[in-house]
Amino acid sequence: MRVPLDWLKQYTEISCTAEELAERLTMGGLEVEGIELERTEERPLTPVLDVYITPNRGDCLSMAGVAREAAALMQTALHLPSAPVSEAGGEIEAAASVQVDVPHLCPRYAARVLRGIRLGPSPPWMQQRLLSAGQRPINNVVDVTNYVMLELGQPLHAFDMKGIAQSRIVVRTARIGERITTLDGAERTLTPEILVIADAEKPIAVAGLMGGADSEVADDTTDILLESAHFNPQTVRRACKLLNLRTEASYRFERTVDEAGVLAALERACELLQEMGQPAPVAGHIDVRAVPDPPIRRITLRPSRVAALLGIPLEKDTVAECLQRVGVKLEAETGNVFTALLPTWRTDLQYEEDLVEEVGRIYGYENIPEVLPAGSQTGGDSDWGRFLAKVRQPLAAAGMQEVVTHSLTGPTPWDDPADAEVVVPVRNSLSGEVSRLRRSLLPGLLQIASYSGTFSRDARWMFEIGQVWQMLQGEPAEFTAAAGLIAGSIAPPDWRREQPSADFAQMRGVIERLLDSLGIEDVEFARPSAPGALFHPGRAACVFLKGELAGVAGELHPQHAQKLPWRERVLLFELSMQVLHRHLPTGEKRFVPLPRFPAVVRDLAPRISAQMPWEAVETALKSVHEEILEEWKLTDLYKGAPLPEDVCSPTISFTFRSKHHTLTDAEVNATLEQLQNQLRQQCGARFAGEEG
Amino acid sequence: MQAEPFLCQENSLLNNQITHLLEQALAAVQNAENTEELHAVEVACLGRNKGLNELRREVGALPKEERPAFGQNINEAVQILTAALKAKQTELAQKELNAALTREQIDVTLPGIPMPAGRLHPLTATACQIKQILGGMGYEFVDGPELEEYRYNFEALNYPPDHPAMDEQNSFFVTDTRLLRTQTTALQGRIMEQRKPPFRIATTGRCFRYEAVDATHHHTFHQIDVFMVEENISMAHLKGTLGVFARELFGQDTRVRFRPDFFPFVEPGVDYSISWTMPDGRVRWLEIGGAGLIHPNILRSYGISTERYSGFAFGLGVERIHMLRTGVSDLRLYLDNHPRFLEQFA
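Sequence order for the protein chains is A and B. For the numbering used here, add 1270 to where a residue sits in the first sequence, where the first one is 1. For the numbering used here, add 1 to where a residue sits in the second sequence, where the first one is 1.
Isolated chain A (complex conformation) (with noise of 0.2 Å):
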């Protein structure tokens, strides 16, 4: 809200300077976001504050209310204007009748009627504040309709009488399908959630936002009546949201005006078009309330609480000062219990605790001292944090940088057309580049992938560990995924030699590191009978733990990898975190002891077809079962002269140790023989001197 600093002198006295305020304001819950020097006629420079009223606080949206709060903070009279209205001849009663059908939505409607009034434009000093106060001045009566309720807080309404039949003014809500054209030309289609205000016919505005075409203040208007009520702050916000329309007055009755000021900002109106020699009111005014006397509300304060919450030793006649200041006055109840009893603007204190919070900043927080809450309790990450960084760790180590990407996601060159129907749109997005939540990683390291090329050989190896969305039964469900986006060399080519660009295997390898490092077991890459679109169907895998799919990895599919401006194969893995947690070992690595016996390594080179799958040479071995064979490894696969182009020779290297004796070649013979004819039968590998 702008607060010209000269218009808030009128209402107490600023000694100090703009900057000294705005600090005293900010310190004491009006944050002056900034001081603007607006150049005036009268003065050259008068400086605009420019304050952010917090929500809770409607009762600042207004000079008289910004100067209620620099007087509490700096403890100087406060002068608010107020003038007994003189009135000119005839009856009010005769002159328009107001009927509140819904006293709950508009707990008080006051009116007064002005005769005679000549249009025209409102004084320069009028227009230039309104101005200084971001307000666009328009005729005398709009005007200070505006001037009052920027002085005061409480928005007003004039109506053309022309335009009420019958002067007859009801408070009601809207009927279906009731149409008003309002101010702003719009015609807005009414619904029975809107409060309204209507003549005898038809609705003449939407109240507290807008007024009527038909009943407003124009040229040919003489006669006048002038609206100042309370309405339900959720009844306006409503249909603010309803017609999509927010307008001074609306922001001000969402955040409740208080309700006591009616009159008053009545009677100031009067005021001002008295002064610039307009016709006093029709005598008497109109007022219906709902109460018409409400009580004064009260909260029962405990001094001693108020220093507890604090932290700060308080005695309960600061207590009873800091609360003065603010409007608020201490009855005695019993020993230390008080009654406190509220101003009318203060709708915002409810509790105790809004109390405490008044006495803290009067008395100023800068008074609190620091203190370490007592006690100690064992504290740290979650389990599923700590989980995501034994994840994060081996995918860094192995080179990879780390990258956070957007959740809320546009269509991507990048998605699967198969997961369509489980994306999760959002509902209420206006654009079309966060229009649904992700359901996979790969998509986002493809796009940095698609403009990191262009000027970075490193960085290609890369990282994210997020959140992703779809739909299961009908309902979006949210997961973790790990994925990862490799493409060249782990590290930038230097000055002695090229690296070899990465393939699927070493993928594979980084895989394999991270669930070993993991402790998971049991890890299977099968080639999937659907690998998905992002994927080169002949190099693609799906990963199982026990059976249970946890993930997919492949190469980036070739009309994928145009889109590229890299020419490297690119590799990418995404794996459920989920999944992966279910398969973590449970309870501690148990140690193994050293062996005390040295081991025997020797090689075999079988040749087999070369279409036959490695995983068919691995259960051959397994079906071996020796307690003498440690380990095996492939050491290399060739391929080429002299062997026929249908047939590999991998060699497989054996470790073989015995935990309680130093193995004799016998013994290593006999379970290597057990290996070779176990590759025949299950593999039809030949050996060296064998035929085929």
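These aren't lab readings, by the way, just hints derived from the structure by calculation. Cβ coordinates follow ideal geometry from the N, Cα and C atoms, glycine included.
Taking beta-carbon pairs under 7 Å as the criterion, some of the chain B residues facing chain A (in silico): (1) PRO117; (2) MET236; (3) ARG260.
In the EDC-like style, the derived pairs of lysine to aspartate or glutamate whose C-alpha atoms are separated by at most 16 Å in a straight line are: (4) A:LYS1511 x B:ASP163; (5) A:LYS1432 x A:ASP1493; (6) A:LYS1511 x B:ASP168; (7) A:LYS1586 x A:GLU1603; (8) B:LYS197 x B:GLU231; (9) A:LYS1833 x A:ASP1685.
Starting from the structure of chain A, add chain B where the hints point.
Just chain B, lined up with the frame of chain A:
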């Protein structure tokens, strides 16, 4: 090496031969230029049936009484030669090693081979550090969903229905009842449903608000939220906790300041700033986040006695912390993942 004179009992022809051979051999040892030549000398003089050993065979030609002396002379000659060979061997080996070391000299000023650099994203790294600080202060981290229920995001946090306070929290709705959480504070209700005080909880994660994106606003950002409920908790405890936390994060000179502010879930509500020394040496107050004592409505709605218990809550932005500490000026950089940006933060 000097040939040592040795005594011959008989100045016989054979003994002269020993002397002669030894002198020749010692000269050859002396002249050897490298270990290979030295080895050749060794073979020629001490090899089987060569040099001195060849002379041993002549023993048969000597009269019986001269034989022991002759043998002794040869043995002494062999010992002298062996010692000379060994000394020369050591000398030559050292020389050759020195030559090899000189040959193997490299240019240590050449650049190193880059190690593959896997780094954490600065937001993750910052969150990790905050987790360590708060974990050490006894706060247990708990995770909440990003796709949150409306009631936890607003109602459980004392947002009155249709209140303007929600205007600042414009949300992305996914269903009638679920939205992308606008604040990690949404975890509070979930915790209070399950636990009885005392507790000290912290959470971190991604939040979403319907905002136009610019250098200081984003529809996606990351928050840390801390809340605790114990007996006799006051604003002084909140200030003390924030003080320790801020000093761990921003340096031991950091001070904390409160300013009244409004959040529906705290009363009193404040925003807190830290003292920040600008490059020109001036100290400014920088707003970090919101805080306050947990609103009594919230405690009561979970059956927690406000007479016995009170608690505080505070929140802050992960991006904000990293921006303050490193001088990053554009919020958008974090989700852009520009390699030149990420590689700056090891």
